[in-house]
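Student: Sequence:
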Amino acid sequence: KELILDAENILFKVKRSGGNPIGLAAGALYNACKKNKTKISKEKIGEIFRISERTVYTNEARIRKLLQSS
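The sequence shown maps to residues 1 to 70 in my numbering.
None of these hints come from the bench; they were simulated from the model. Keep in mind that a hint or two might mislead.
Calculated lysine to aspartate or glutamate pairs in the DMTMM-like style (CA-CA distance at most 25 Å, straight line) [as the list claims (entries may be wrong)]:
| id | residue 1 | residue 2 |
| --- | --- | --- |
| 1 | K15 | E47 |
| 2 | K35 | E47 |
| 3 | K35 | E53 |
| 4 | K34 | E53 |
| 5 | K37 | E53 |
| 6 | K37 | E47 |
| 7 | K44 | D6 |
| 8 | K35 | D6 |
| 9 | K39 | E2 |
| 10 | K15 | E2 |
| 11 | K44 | E2 |
| 12 | K39 | E53 |
| 13 | K34 | E8 |
| 14 | K15 | E43 |
| 15 | K39 | E8 |
| 16 | K1 | E47 |
| 17 | K1 | E43 |
| 18 | K34 | D6 |
| 19 | K44 | E8 |
| 20 | K1 | E53 |
Please put together the full structure from these sequences, using the hints given.
Tutor: Below, the structure written as C-alpha coordinates:
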(Lines of atoms letter the chains of each structure in order from A and count residues from 1; the text may use other names and numbers.)
(Lines give C-alpha, C1' and ligand atoms only; values in the text may rest on other atoms or scores of the structure.)
Protein backbone atom coordinates (compact mmCIF):
# COMPACT_ATOMS: atom_id res chain seq x y z
CA LYS A 1 0.00 0.00 0.00
CA GLU A 2 2.84 2.37 0.86
CA LEU A 3 4.46 1.79 -2.53
CA ILE A 4 1.24 2.63 -4.35
CA LEU A 5 0.83 5.86 -2.39
CA ASP A 6 4.44 6.76 -3.08
CA ALA A 7 3.97 6.07 -6.80
CA GLU A 8 0.83 8.25 -6.81
CA ASN A 9 2.76 11.11 -5.19
CA ILE A 10 5.49 10.77 -7.80
CA LEU A 11 2.92 10.89 -10.60
CA PHE A 12 1.32 13.97 -9.06
CA LYS A 13 4.71 15.73 -9.08
CA VAL A 14 5.45 14.92 -12.74
CA LYS A 15 1.93 14.95 -14.17
CA ARG A 16 2.63 17.74 -16.65
CA SER A 17 5.58 15.97 -18.22
CA GLY A 18 3.54 14.28 -20.97
CA GLY A 19 4.12 10.80 -22.34
CA ASN A 20 2.29 7.50 -22.23
CA PRO A 21 0.25 7.35 -18.99
CA ILE A 22 0.80 3.60 -18.61
CA GLY A 23 4.54 3.99 -19.08
CA LEU A 24 4.63 6.86 -16.58
CA ALA A 25 2.70 4.82 -14.01
CA ALA A 26 5.07 1.89 -14.47
CA GLY A 27 8.08 4.18 -14.18
CA ALA A 28 6.67 5.79 -11.03
CA LEU A 29 6.08 2.38 -9.46
CA TYR A 30 9.61 1.26 -10.33
CA ASN A 31 11.02 4.50 -8.90
CA ALA A 32 9.02 4.01 -5.68
CA CYS A 33 10.25 0.41 -5.40
CA LYS A 34 13.87 1.48 -5.87
CA LYS A 35 13.50 4.29 -3.35
CA ASN A 36 12.00 1.95 -0.75
CA LYS A 37 14.52 -0.82 -1.56
CA THR A 38 11.77 -3.22 -2.62
CA LYS A 39 13.15 -5.98 -4.83
CA ILE A 40 11.17 -6.08 -8.08
CA SER A 41 12.60 -6.10 -11.57
CA LYS A 42 11.69 -3.76 -14.37
CA GLU A 43 10.91 -6.91 -16.36
CA LYS A 44 8.24 -7.94 -13.82
CA ILE A 45 6.73 -4.43 -13.76
CA GLY A 46 6.72 -4.47 -17.57
CA GLU A 47 4.83 -7.78 -17.53
CA ILE A 48 2.25 -6.40 -15.10
CA PHE A 49 1.69 -3.23 -17.16
CA ARG A 50 2.06 -5.13 -20.48
CA ILE A 51 4.85 -2.89 -21.72
CA SER A 52 8.54 -3.49 -22.40
CA GLU A 53 11.16 -3.39 -19.66
CA ARG A 54 12.88 -0.66 -21.69
CA THR A 55 9.77 1.52 -21.43
CA VAL A 56 9.70 1.01 -17.65
CA TYR A 57 13.38 1.95 -17.38
CA THR A 58 13.11 4.95 -19.71
CA ASN A 59 10.16 6.39 -17.82
CA GLU A 60 11.79 5.79 -14.44
CA ALA A 61 14.94 7.59 -15.60
CA ARG A 62 12.84 10.48 -16.90
CA ILE A 63 10.94 10.69 -13.61
CA ARG A 64 14.21 10.57 -11.65
CA LYS A 65 15.56 13.53 -13.64
CA LEU A 66 12.34 15.50 -13.23
CA LEU A 67 12.33 14.92 -9.46
CA GLN A 68 15.99 15.98 -9.14
CA SER A 69 15.38 19.24 -11.00
CA SER A 70 12.35 20.20 -8.89
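Student: Against this structure, judge whether each hint is valid.
Tutor: Checked hints:
no. : hint        : result
1   : K15 <-> E47 : holds (23 Å)
2   : K35 <-> E47 : holds (21 Å)
3   : K35 <-> E53 : holds (18 Å)
4   : K34 <-> E53 : holds (15 Å)
5   : K37 <-> E53 : holds (19 Å)
6   : K37 <-> E47 : holds (20 Å)
7   : K44 <-> D6  : holds (19 Å)
8   : K35 <-> D6  : holds (9 Å)
9   : K39 <-> E2  : holds (14 Å)
10  : K15 <-> E2  : holds (20 Å)
11  : K44 <-> E2  : holds (19 Å)
12  : K39 <-> E53 : holds (15 Å)
13  : K34 <-> E8  : holds (15 Å)
14  : K15 <-> E43 : holds (24 Å)
15  : K39 <-> E8  : holds (19 Å)
16  : K1 <-> E47  : holds (20 Å)
17  : K1 <-> E43  : holds (21 Å)
18  : K34 <-> D6  : holds (11 Å)
19  : K44 <-> E8  : holds (19 Å)
20  : K1 <-> E53  : holds (23 Å)
Going down the numbered hints, you'll see the structure goes against none, and every one checks out.
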